[in-house]
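Asks: Model the full assembly from the supplied sequences, consistent with the hints where possible.
For reference, each letter of the sequence shown is one residue, going 17 to 313 in the working numbering.
Hints are not guaranteed to be accurate.
What the hints assert, rightly or not - Quick list of the computed label-pair ranges, beta carbon to beta carbon:
hint, residue 1, residue 2, range
1, H177, L63, 29 to 37 Å
2, L63, D93, 18 to 26 Å
3, D93, K253, 19 to 27 Å
4, A300, A226, 32 to 40 Å
What the hints assert, rightly or not - Here are the simulated lysine-lysine pairs, DSSO-like style, with alpha carbons at most 30 Å apart:
hint, residue 1, residue 2
5, K246, K160
6, K246, K296
7, K95, K229
Hints listed in this document are in silico derivations from the structure and should not be mistaken for laboratory results. Think of the CB as a built atom: it goes at the ideal place given N, C-alpha and C, for glycine as much as any other residue.
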Amino acid sequence: MKKTLLALAAVLAVGMAHAEDTLKKIKDSGSITLGARESSGALAYTLGDGKYVGFHTEMAQRIAADLQKQLGLAKLDVKFQPVTSQNRIPLVQNGTVDLECGSTTNNTARQKDVAFAMTTYVEEVRIATKANSGINSIKDLTGKTVATTTGTTSVQTLRKHERANGVEFKELFGKDHADSFLLLESGRADAFVMDGQILAGNISKSKNPADFKIVGEVLSTEPIACMMRKDDPAFKKAVDDSIKGLVKSGELAKLYDKWFMQAIPPSNTKVGLPLSEATKAAWANPNDKPMEEYAKK
17 MKKTLLALAA
27 VLAVGMAHAE
37 DTLKKIKDSG
47 SITLGARESS
57 GALAYTLGDG
67 KYVGFHTEMA
77 QRIAADLQKQ
87 LGLAKLDVKF
97 QPVTSQNRIP
107 LVQNGTVDLE
117 CGSTTNNTAR
127 QKDVAFAMTT
137 YVEEVRIATK
147 ANSGINSIKD
157 LTGKTVATTT
167 GTTSVQTLRK
177 HERANGVEFK
187 ELFGKDHADS
197 FLLLESGRAD
207 AFVMDGQILA
217 GNISKSKNPA
227 DFKIVGEVLS
237 TEPIACMMRK
247 DDPAFKKAVD
257 DSIKGLVKSG
267 ELAKLYDKWF
277 MQAIPPSNTK
287 VGLPLSEATK
297 AAWANPNDKP
307 MEEYAKK
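Replies: This is the structure we're talking about:
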């Protein structure tokens with residue numbers, strides 16, 4: 017037990033040591049570690065063999081390039097560390113990951129542990145099901161099995177929805193979004209509750225996209241943002257300034273079009289999700305408000 021506590025203390029100490037000097041850490045090491053998601057729809061996913069792509073993944077690479085210029089580095093080694101919904105926050109806290117740009121919702125609970133950059137995507141949580149399931153709304157989930165991904169807030173959001181009163185369903189957890197979609201695809205789950213773009217992305221890459229549909233009420237509107245360690249205002253400013261520059265130049269809009277409106281690898285299919293008015297508003301009025309404040313607007 018004593019060894020375990022000492023090891024934990026060492027991990028926490030590493031995180032605290034990096035908390036206030038991420039820019040120095042990057043400059044001294046000549047490298048930055050980006051948290052990479054493997055199946056977060058068009059926001060962030062893997063093509064295998066250590067290659068990570070997607071709207072937020074490419075945005076993170078642009079941020080890294082801006083940091084390289086700011087720090088006057090001739091070269092910056094950009095490393096990718098795969099993260100899941102379950103381990104992404106601890107890996108940011110303990111210094112393993114410097115910046116995670118995936119599909120993380122900014123909420124008040126998480127703000128106690130990490131910091132967030134300005135909102136770069138506004139998500140709507142929805143329900144995906146098979147086209148012939150007969151499920152069209154929350155009330156149709158009674159007696160059904162609902163899949164979601166370990167470490168996400170989606171099923172909690174579903175249970176709190178005003179129309180979920182009296183709706184009883186069984187939960188089934190996937191280790192990541194691809195695994196959760198497989199639960200639906202294989203028939204082990206009747207529905208998959210998750211961010212709309214993740215649902216759309218997984219459906220577009222499935223063997224028979226027409227076999228699935230996204231249905232029901234919008235369960236919540238959530239601000240998605242890059243995540244970093246707390247109490248490092250210089251690093252947060254550098255990240256936010258980079259994103260603001262991408263917005264002002266029109267590059268962020270071009271990246272969005274590339275990943276959501278054009279054919280993307282590996283299947284060369286289109287997600288087909290136009291830039292929403294809510295996301296446009298977030299870009300026009302940069303903020304790092306958590307979901308709870310965002311919902312009040």
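Asks: For every hint, state whether the structure bears it out.
Replies: Verification of the supplied hints:
1. H177 - L63: 29 to 37 Å: holds (35 Å)
2. L63 - D93: 18 to 26 Å: holds (20 Å)
3. D93 - K253: 19 to 27 Å: With a Cβ separation near 23 Å, D93 and K253 satisfy 19 to 27 Å, so the hint holds.
4. A300 - A226: 32 to 40 Å: holds (36 Å)
5. K246 - K160: violated (40 Å)
6. K246 - K296: holds (27 Å)
7. K95 - K229: It is violated: about 36 Å lies between the C-alpha atoms, which goes past 30 Å.
Violated hints for the displayed structure, listed by number in ascending order: 5 and 7.
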